[in-house]
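**Student:** What follows is the residue order along each chain.
2 protein chains.
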Amino acid sequence: MAYQTGLSVRQAARTQSLTSPTAGLAPSHLQANLIVLPSRYASDFRLLCARNPVPCPLIAESSNPGSFSELTSHLISSKTGNRVPVAEDIDLRRDAPAYRVYQDGKLVSTEQPKDILNEWTDDHVGFLIGCSFSFEDALSRAGLTPRHMLQGRNVPMYRTTLPLLPAGVFTGATYVVSMRPYRVSEIERVREVTRPFVQTHGEPIAWGWDGAKMLGIKDITKPDWGEKSLALDGKSDFTEEDEEYVPVFFGCGVTPQNAVLMTALQGRVMGHAPGYMIVLDVRDADVFGVA
Amino acid sequence: MAYQTGLSVRQAARTQSLTSPTAGLAPSHLQANLIVLPSRYASDFRLLCARNPVPCPLIAESSNPGSFSELTSHLISSKTGNRVPVAEDIDLRRDAPAYRVYQDGKLVSTEQPKDILNEWTDDHVGFLIGCSFSFEDALSRAGLTPRHMLQGRNVPMYRTTLPLLPAGVFTGATYVVSMRPYRVSEIERVREVTRPFVQTHGEPIAWGWDGAKMLGIKDITKPDWGEKSLALDGKSDFTEEDEEYVPVFFGCGVTPQNAVLMTALQGRVMGHAPGYMIVLDVRDADVFGVA
Chain R
648 MAYQTGLSVR QAARTQSLTS PTAGLAPSHL QANLIVLPSR YASDFRLLCA RNPVPCPLIA
708 ESSNPGSFSE LTSHLISSKT GNRVPVAEDI DLRRDAPAYR VYQDGKLVST EQPKDILNEW
768 TDDHVGFLIG CSFSFEDALS RAGLTPRHML QGRNVPMYRT TLPLLPAGVF TGATYVVSMR
828 PYRVSEIERV REVTRPFVQT HGEPIAWGWD GAKMLGIKDI TKPDWGEKSL ALDGKSDFTE
888 EDEEYVPVFF GCGVTPQNAV LMTALQGRVM GHAPGYMIVL DVRDADVFGV A
Chain A
648 MAYQTGLSVR QAARTQSLTS PTAGLAPSHL QANLIVLPSR YASDFRLLCA RNPVPCPLIA
708 ESSNPGSFSE LTSHLISSKT GNRVPVAEDI DLRRDAPAYR VYQDGKLVST EQPKDILNEW
768 TDDHVGFLIG CSFSFEDALS RAGLTPRHML QGRNVPMYRT TLPLLPAGVF TGATYVVSMR
828 PYRVSEIERV REVTRPFVQT HGEPIAWGWD GAKMLGIKDI TKPDWGEKSL ALDGKSDFTE
888 EDEEYVPVFF GCGVTPQNAV LMTALQGRVM GHAPGYMIVL DVRDADVFGV A
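As you go down the protein sequences, you meet chains R and A in turn.
Numbering follows this note's numbering, with no gaps: position 27 of the first sequence is 674.
Numbering follows this note's numbering, with no gaps: position 230 of the second sequence is 877.
Derived by calculation from the structure, the hints in this document are not laboratory data.
Only a predicted model underlies this, so the values are computations on that prediction, with no experimental measurement involved.
Careful, some of the hints might be misleading.
[As the list claims (entries may be wrong)] For the chain R half of the interface with chain A, some residues (derived, Cβ under 10 Å), not all of them:
id, residue
1, L694
2, P700
3, V701
4, L786
5, R788
6, L809
7, A814
8, T818
9, R838
10, V845
11, E850
12, A853
13, L879
[What the hints assert, rightly or not] Distance condition first, Cα-Cα at most 27 Å in a straight line; then the derived DSS-like pairs of lysine-lysine:
id, chain 1, residue 1, chain 2, residue 2
14, A, K865, R, K860
15, R, K860, A, K860
16, A, K860, R, K865
17, A, K865, R, K865
18, R, K860, R, K875
[To be verified] Away from chain A, derived, C-beta distances all over 12 Å, residues of chain R:
id, residue
19, T727
20, E758
21, T792
22, E839
23, R915
Note that the Cβ used here is the ideal one computed from N, Cα and C, for glycine as well.
The task is simple: from the sequences and hints, build the whole structure.
**Tutor:** Shown next, in the form of structure tokens:
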């Protein structure tokens, strides 16, 4: 099967032969969210990440304003304690299968461009944020394959009312979460498997119908991004199993894009299209204490 | 005036000649919250801090289980990039002016012992968590002296409904916040002054009466710890000024003790008494980019 490495996914996105969500591609390779900001917001954004590391785990950034290929990694090797480069041969402007473009805190078009070559300027700083797709291979190996992978759908993502801790210009924003349904009996095991993945959102932040209520999610069948994977009665519309599922929520790296919208951030901002990630060369075992 | 250094405060607490809250003592020196846990909870607690660094900024911990004087610092020098030892000649069992003791998630006594010599075992691990008293000197120098210092009171602290992100055994807990009243026109300046203090809670997490509501704080005149410093109508009961104040909320290092209560953590746990901190040798300018 194609797409066993991060580079193969990036090259396919770059040449626009890959135009679908990236869940399940290049198993065990880290996947990343992208946000590209005018340089004047860079220090406030780093602080936003430092104060909210679960939804916004910063794994790399442009080495200088304008750098789209030279990145400074914040990932530390679990073996050597040294920084691990996230990828060779990477281009932040072309390596996600789809992008979103914002002007003054508003989405410019619902059409998702396949690159941002014409948007990128010498003043833009790109940030890569960890993605929960990175632990889906570990979940699958533990017999806990996420529903949306079995369904062949994009993961469902939701806006919440959980406040993001403010940092500089970033005030008044809230968490975005991804959701994977599990049986109640599976939740502790899901927590254990995902716990080591500290820079790709780690263990769930809430679970169960109480968790949905606490996050202010009113209708689980209507995600704000991606596709639904659970009905209101806890039944999957995918199988005829009688088992009941409950929602399990993880931090989501779409949070920065949502913060750009909620703070009406001025200027030109770009991000990946939710679910259409940049896949890296780093593998989970390189940076997390996982088998 | 006495107590110009961290060591002088620690020695006074150790000899039990100091028995009052520590706000305003040894200006510009970092002050720390203490939580002491059975060693089996240590890794989950480190993860709790990593996932919630604003209420739980971990600044040092016992070098080994049972160590009350040998500490491993997590503070990094703003000048050299190296670790900064938090204190020479420190004893976690005696250097706070007052302590609290918990058994199986319940406070053992409302009486606050002056040391925990008889409680400490070879299996206990002590953690020092940053304290917002550390930036009060910077606020004062900026003409923003906190009300509770002018009043000569302990800072008011509140339980909130804002969920702490779960980590291992620590589930279902919420933030504790400290509160300092300011005029609306002063809030941006307060945010700027406190922003660099990333390991002592940093800039506020919420402000204004809307902020109080968002945190689930129903009566600002009834703090859960410390003493009130603001009336419901925004008037101070300290001055005759006509100015109106609003509450400004910061992360608070009492959060771990509250988490011990809310998760009904089994075993013997100790902490400092809220407001009665361990004062360190490190000064704010050693670790933060402040004047």
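**Student:** Now tell me if each hint is right for this structure.
**Tutor:** Consistency of the hints with the structure:
A hinted interface residue such as L694 of chain R counts as satisfied when its beta carbon comes closer than 10 Å to some beta carbon of chain A; here the least separation is about 7 Å, so the hint holds. Using the Cβ-Cβ criterion of 10 Å, the hint placing P700 of chain R at the interface with chain A is satisfied: the shortest such distance is roughly 7 Å. Proximity of V701 of chain R to chain A holds as hinted, the smallest CB-CB distance being about 5 Å (cut-off 10 Å). Because the closest C-beta pair between L786 of chain R and chain A is about 18 Å apart, greater than 10 Å, the hint is violated.
The interface hint given for R788 of chain R is broken, as the beta carbon of that residue sits about 21 Å from the closest beta carbon of chain A, more than 10 Å. The beta carbon of L809 of chain R comes within 7 Å of a beta carbon in chain A, closer than 10 Å, and the hint placing it at the interface holds. Against a cut-off of 10 Å between C-beta atoms, the interface hint on A814 of chain R holds, since the closest Cβ of chain A lies about 7 Å away. Interface hint status for T818 of chain R: upheld, as the beta-carbon distance to the closest one in chain A is roughly 9 Å, under 10 Å.
Proximity of R838 of chain R to chain A holds as hinted, the smallest CB-CB distance being about 8 Å (cut-off 10 Å). For V845 of chain R, the interface hint holds, the least distance from its beta-carbon to any beta-carbon of chain A being 6 Å, beneath 10 Å. Here the hint on E850 of chain R is kept, as its CB sits about 7 Å from the closest CB of chain A, short of 10 Å. The criterion of a C-beta within 10 Å of any C-beta in chain A is met by A853 of chain R, whose closest approach is roughly 7 Å, and the hint holds.
Because the beta carbon of L879 of chain R sits about 23 Å from the nearest beta carbon in chain A, more than 10 Å, this interface hint is broken. Restraint check: the Cα-Cα separation between K865 of chain A and K860 of chain R comes to about 20 Å, which is no more than 27 Å; the hinted pair holds. Under the criterion of a C-alpha separation no larger than 27 Å, the hint pairing K860 of chain R with K860 of chain A is consistent with the structure, at around 17 Å. With a C-alpha separation of about 20 Å, the suggested pair K860 of chain A and K865 of chain R falls inside the 27 Å cut-off, and the hint holds.
Using a Cα cut-off of 27 Å, the hinted pair K865 of chain A and K865 of chain R holds, with the two alpha carbons roughly 25 Å apart. For the hint pairing K860 of chain R with K875 of chain R, the CA-to-CA distance comes to about 17 Å; that is within 27 Å, so the pair holds. At roughly 19 Å, the least C-beta separation between T727 of chain R and chain A is larger than 12 Å, which holds for a residue marked as non-interface. Separation of E758 of chain R from chain A is adequate, the least Cβ-Cβ distance of about 35 Å exceeding the 12 Å criterion.
The Cβ of T792 of chain R lies farther than 12 Å from every Cβ of chain A, with a closest approach of about 23 Å, so its non-interface assignment holds. Not every beta carbon of chain A lies more than 12 Å from that of E839 of chain R, the smallest distance being close to 9 Å; the non-interface claim is violated. At roughly 25 Å from the closest C-beta of chain A, the C-beta of R915 of chain R stays outside 12 Å, upholding its exclusion from the interface.
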